[in-house]
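With the hints as constraints, model all of the structure from the sequences given.
Residue numbers (the working numbering), protein chains in the order written: chain A, 950 to 1288; chain Z, 950 to 1288.
If you're looking for bench data, these hints aren't it; they were derived computationally from the structure.
The reader is advised that the hints may include incorrect statements.
Computed list of lysine to aspartate or glutamate pairs in DMTMM-like fashion (alpha-carbon distance at most 25 Å, straight line) [stated by the list, open to error]: (1) Lys1075/Z - Glu1275/Z; (2) Lys1029/A - Glu1141/Z; (3) Lys1199/Z - Glu1275/Z; (4) Lys1155/Z - Glu998/A; (5) Lys1199/Z - Asp961/A.
Protein chains: 2
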Amino acid sequence: MARIALDAMGGDHAPEATVAGALLALGDIDPAHSIQLVGRTEIIRERLETLLTGEFAHAASWRDRLEIIDAPDVIAMHDKPVAAIRSKPNSSMAVGLRLQAAGQSDGFVSAGSTGAQMAASAVILKLHEGLLRPAIPTVLPTSRQPVVLIDSGANVDCSPQELVQFAWLGAIYAEDILGRSAPGIALLNIGEEPEKGSKEVKDAHKLLQQQEALAFRGNCEGRDILSGQNSHGQVDVVVCDGFVGNVLLKFYESVAPLAFEALKRAGVDRRLLERGFKAFDYSETGGAPLLGVRGVSIIAHGSSSARAVKNAIRVALRAVESHMDEHIGRRLPVKVETS
Amino acid sequence: MARIALDAMGGDHAPEATVAGALLALGDIDPAHSIQLVGRTEIIRERLETLLTGEFAHAASWRDRLEIIDAPDVIAMHDKPVAAIRSKPNSSMAVGLRLQAAGQSDGFVSAGSTGAQMAASAVILKLHEGLLRPAIPTVLPTSRQPVVLIDSGANVDCSPQELVQFAWLGAIYAEDILGRSAPGIALLNIGEEPEKGSKEVKDAHKLLQQQEALAFRGNCEGRDILSGQNSHGQVDVVVCDGFVGNVLLKFYESVAPLAFEALKRAGVDRRLLERGFKAFDYSETGGAPLLGVRGVSIIAHGSSSARAVKNAIRVALRAVESHMDEHIGRRLPVKVETS
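Given below as structure tokens:
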């Protein structure tokens, strides 16, 4: 009986994809759960009526599991994140997260501006004690088990201490959500040797070696990410700063369409291609939790379809049910010692 | 009538692949050119005899276009680059580069340690005036024209000034080797907005805007690299620090084999796959010139096959013939003004 607040105004295809996504989710999740649609009441209501009298006529009876929460302000993609949170206190993001802080909601999902959601979540939900910054994990398919890349949330200029905290957040995520025990942690670098890399990465390497409760497997290189291992063993979590993570993931997303086209031109059957590339499509995972905040804030892709929104709501439910947030609060070392 | 010095000892498959690569090259390039095999004389001679009396019997008459230059020291992959250059003055790298500095050779090719080659080239050939660091460009296939990613040479902790110099080096390379006029330059970042990114990247953005002789197209994101354009137009050169470039390229190299396997499992015919993936295989390009040194130093992949070595020798010849080195010396702004 969890209540998930959905930012109905966030994302490239809002409110169409968000409202439809909520209806798809209601048909898919346990009937004990409900969804709070946060945004401009008139817009949401109009969209909802259109869908419930058309495409989603079968969903009319789920109406009592849907609540509309008014949030008149709208954050645009070009708004500066922190300023937007301050100057638009009644945006769908701020209202949705405040519901949770007040105990009236259990999780929040948005496909809006990632920067604004990170800022609003940190301000409204607050960070766990000792944490310097929240981070976003992305689960990538590999030739073995899926691997967690953290941070993919565009945290730039990360300190060695922050990289160590990302390792901890990734480890707890890998345990709670992927079911790994003692997940292997690797630091993304230009070589496996500890003396390689930028100043921050070299210092982070030293600090990670001191984290006795983490299974640190040393550095991994770009080529090791998708193999799920380095020369020291299985890698479940790859740690990097958000600049590298962001560039890498956006690059990765662009490879499959290019390969798809090249193979189609080479004469490969489209249906075989679709089947083969399915393993690489992680857009359907829906969203990733912002790790480190006290609560559940799920970041969905800006281009989320209704199906992706539905999946993001499922991710929120899994985060609520796994109590990952509490585990992070309990297990995160309050202070990373500097050497 | 260029003389190319080949590091016969460098690379995972040396001296087999290097000596065989030299013979392949001799059959492929203008007969006026010659090759200098640099390394341990006995080892090279033995290998050469084996090949010339076996697989390469047809090449016996090319012998007078081959010279063996003795270099008794060997640099191992685990040697620290700068220290190795100092402590092993008669390594194949040092000897090969000194030949060029002395005017007895026109270009140098090695598949050995990239770090050692960068250090030795900077020390022995020297850098152009005002240049802070040399850089390595990599040419990537895109859905349009190929694009130059610079730096891919593992230069870490790059200053904004260094990033601007990489942009200049990349532009001249794109003109001389890829034949682009007024190549479009983009700065790799986490968003197109100038205020995004790390401190270094934000400052580099400001400096690049002041380079009136460069066609600066602003930032590009990870997804734009393989599309060869951003919202401001065609992108011929993508500028990033060597940490990001290294991680990105090694990651990219690992994607194709993974996709290949997934598609084979999905039932796609192996030959169609090989044809389709050919466009993504840039290992056969042979090597990339170290840009910014006074001379020609071609960095080949450590895992170079004989065919890749042959191609690297061709790259060296193209660099010699295009006089790219002189163009860099003439056109590089001696000092990048800080704002």
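Proposed proximity, glutamate 1141/Z with lysine 1029/A (alpha carbon, max 25 Å): holds (14 Å)
Restraint check for lysine 1199/Z with aspartate 961/A, where alpha carbons must lie at most 25 Å apart: violated (32 Å)
Holds or violated: lysine 1155/Z to glutamate 998/A, with C-alpha atoms at most 25 Å apart: Roughly 50 Å between the alpha carbons, so the hint for lysine 1155/Z and glutamate 998/A is violated.
25 Å limit on alpha-carbon distance, applied to hinted pair lysine 1075/Z and glutamate 1275/Z: Measuring from Cα to Cα gives roughly 13 Å; hence the hint holds.
Satisfaction of hint between glutamate 1275/Z and lysine 1199/Z, Cα-Cα up to 25 Å: Violated - the C-alpha atoms of glutamate 1275/Z and lysine 1199/Z are around 31 Å apart, more than 25 Å.
The structure fails to meet hints 3, 4, 5 from the earlier list, while all remaining hints are met.
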